[in-house]
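*Asks:* Residue-level listing of the chains:
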Amino acid sequence: MAKRLSIVDSERCVGCQSCMFACARRPGIGGLEGTAIWVKSAGGIRKGFTVVVCRACPDAPCAKVCPTDALMARDGGGVKLHPELCIACGNCVKTCPFGAIMWNEQINKPVVCVYCGYCASYCPLDVLALEEIDRPELNDAPKIIDGGQEHA
Amino acid sequence: MLKGDPISRVLYIDLAARTYSIQDRSDLFEAGIGGVGVGIRLLDEECPPGADPMGPENPIILTVGPLVGMFPLGSKTVAMFKSPHTGNLGESHAGGRSAVAIRMAGYGAIVIRKASVSPVYVVVEEDHVYFRDASALWGLGSAYTAGTIMRQNEQGSGTRTIMRIGRAGEQGVSYASVITETYRHFGRLGLGAVFGSKKLKGLVISGQRSLPVTDRKSYRALYDEIYKTATESPLMKKYHQLGTAVNVLPLNASGGLPTRNLQSGTFEGAEQISGERLAKDFLGRRVACAHCPVACVHLAAIRYPYPDDPYFFKTDMIGYDHEPIYACGSLLGGTDIPGLFSLLDEAEILGLDVMSMGVTLAWATEALQRGLITTQETDGLALEWGNYPVYVEAAKRIVSQPNDFYKAMAHGAEAAAKVYGGLDFALTFGGNEMPGYHTGPACHAGYLTGARHSHLDSAGYSLDQKAGKEGESLTAEKIANSLLEEEQWRQVLTSLVICLFARGIYTPEIAQKALACAGIEKTPEELKTLGADILHRKYAFKLREGFVPAELRIPSRIIETPSPSGKFDEELIRKTIEIYSSKV
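Residue numbers (the numbering used here), protein chains in the order written: chain P, 1 to 152; chain E, 1 to 584.
A couple of the hints might just be wrong.
Stated by the list, open to error - As a list, the in silico EDC-like pairs of lysine to aspartate or glutamate whose alpha-carbon atoms are at most 16 Å apart: (1) P:Lys40 with E:Glu477; (2) P:Lys3 with P:Asp134; (3) E:Lys3 with E:Asp24; (4) E:Lys542 with E:Asp52; (5) E:Lys228 with P:Asp126; (6) E:Lys528 with E:Glu509; (7) E:Lys513 with E:Glu225; (8) E:Lys575 with E:Glu509; (9) P:Lys47 with E:Asp316.
No lab work stands behind these hints: they were computed from the structure.
Model the full assembly from the supplied sequences, consistent with the hints where possible.
*Replies:* Spelled out as C-alpha cells, the structure:
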C-alpha cells in the first residue's frame, strides 16, 4: 500500500524545524535547500505553527496541470516527480492549494515529498507520522457535464 | 572551511549611503571560526577608540558560526557593538530564527555601518538588500505591531528572522532590546538603542541554501548522535519540561533568590511564581528556536478581562524564563501572575530589557521607601512591592521620559542612583543590572569579571552551588581560575555558535568532530587556546575603552544580604577580580 506523511497534530508543533533539516539532509548535506516540508508560524509565533507538506491527494491537481508528465499521479495517491521531464513552468506550485510544492532555486525545479518518512523520525513531538494510505472509497463523484457531453 | 560554504561571506550595509557590499573574509573566519571569535575581530576593525555608542561610528555586528544550519542547537546569533548602557563592550546573543536565517541567507556575519537620515527597516534576501521606508512605523506604540507589519509585507515565511525595536529603542533607553520573532531578544546592553540611534527600526533576513560537508556518512551519524542526546538525555530535560523557571524553587530554598531588591534571598511567594506553578496553571504553548528540538521557550496564556464588559476578554501569550520571573517577580516582591505577566508583556511592547527594567524598578521602589525620592520624581506613581499596575505605568514613563527622574531611569539603576542616591542598593555590575542568582561570592565575582557582566559569561552561580554541595570554602584563587576557565571555553561555544544550554552536549570532543564535518580541523587543545585568545581580545577592547577592573563598584547590598554560601566579604571579591584580570 502507498504511504504518505500525515500531520498527526500540528498543535504539538514547536517550530524547531528538525523535519525541514532532516528532509534537506537526506542526500547527506547541511542547510535547508531542497526541503519538501515547511513549518510556518500560524500568523506570528504567538499563534503556533502550521506544517506544510504534500498530503498525497488521491486525485492530485498538480499532476493534472503538468504539461510534460513530469509529475505523475502515484497509485494509491500522491505524485512522483521525474525531474528530467520538468520544464520548470511552475504550474504545479500555483495549483497546489496547500502550497506543498516547493521550489529549488538552485536547480530551478519543483520539490515535492517522496513519502519516505525520514522527517517524521526527527520530530521530537510526534507531530508527523508516515502512514499507509487507507482512504475510504470516494463516493461516486458527480460527473462533469460540459455542453451536454458527459465526461467519465 | 569547505569550498562553497558561505560562512566566510560578510555583508556590509551602509545605512547612510543605503548601499551594501559582500566581501569574502576567510581571514577572519579561519582565525576566529565565527560568532564571538569573528565578532570581536570585526568590532576591533569597525569601532574606533572612544566611539560614541549612540553615534554613527558605532557599528552593529551580527555573526553566526559554521555549525549553524548543520547541527541541532547551532541556533544563536552574536551581536557586538559598543554598549550605550555601560559605555563599553556590547555583546548580546539571541536565538529565535536569527542564526539560521543569517546562515541560510548566505552569510557568516553582517556589519551595519553609520546611520540613516530617516527611519528605515532593512530586508536581506540572500544576495539582495532592500531599504524600506519606516517613517510610518517609527513611533508605533507596540513592537508587536512593527513585527506584524514587516511579516505581512515581506517574504520568507517560515525561516526568516524579523528583528525589530520598540519605542524604547527609538527613545534611546540605554537598555532597550532588539526583539527577534517576538519571544527571543538581544536583550542586554542596549542593542535596541543602537538600532534606534541609526534610525533602524528592523532587520528582516531570509534565505535557503545547502551547506557542504566533508563526509556525508559521518555527518549524518554525528547529527544523529547529537540529536539523540538533545532529545533523550537528562542533560536537556529541565529546559524542555519546566524550562529555566525550574530554578526558582531550589534557588529560593537555598536562600539565593534575590527578593525585594535583594533585601532578602528568600521569597515567601516563591511557590506562586515557580516554574511548577506556572506550568500547572498558565503554560499555554512551548516553542523552539530554529533547529532546536529542545523547545525551551515557554509561553503563558493569560486571560485578561475587560473592566467595562463582563463578557469580553483578551488572551495574551507571554514568554517566561527564570530571569524575567526573578527580575519582575521576586525582585519586585510580587506574586500576582496576571500582573507580573502584564509587566513582562509591557517590556515586550516597549522593547526593554526585562532584566535591567526589573532591577531598575526595584531600586526605585526602595529609593521611594527610603525617602531618597518622592512621588514628585515618580510622576505621582506610588511604587510598591508587587503593585504591577503601577510598575507598568513606570515602565511606560521610562520610555516616554516625562521628567529628569525617568530620563535617569532610562539609563538604568546605577545612573539613577548616581543622581538620587542609593548606590549601595543599586544592583549593577560593571554598569549592567544583576541576574537572578545570589548564590555566593562566585556568582557576583562572575558578574563583575565577565566580559559582558552576565551570569552567562562564566556561570559563577554553578561554582557556588557546587562548592555548597561539597562543603567547600571558596578561595579567591579558586574562584578566579574556575571563572576564567569557564569563560574561556564559552568563547569557543559562542564562536561555533552553540546555544549555551547545550554546553553539556558539545564537549570539546564533540565540538571537534562537528567542526571537522564543516572542514575545520581543530583539536580540543587548539579550541581552548582559541577561547583564551578571544577572551583576551574582548578584555583588550574593554581596557581600551576605559574599563578598570580595580575600580569596579561592588554594591554593599550583596555583602549585607546573606547568601546560601553564608557571609562573604568584599575583600574576597576584590581579590578574585585582581587575580582574574591579571590572568585574562
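*Asks:* Take the hints in turn and mark each one as holding or not.
*Replies:* Quick rundown of the hints versus the structure:
no. : hint                   : in the structure
1   : P:Lys40 with E:Glu477  : 51 Å, violated
2   : P:Lys3 with P:Asp134   : 9 Å, holds
3   : E:Lys3 with E:Asp24    : 12 Å, holds
4   : E:Lys542 with E:Asp52  : 14 Å, holds
5   : E:Lys228 with P:Asp126 : 15 Å, holds
6   : E:Lys528 with E:Glu509 : 11 Å, holds
7   : E:Lys513 with E:Glu225 : 11 Å, holds
8   : E:Lys575 with E:Glu509 : 34 Å, violated
9   : P:Lys47 with E:Asp316  : 10 Å, holds
In summary, the numbered hints that this structure violates are 1, 8.
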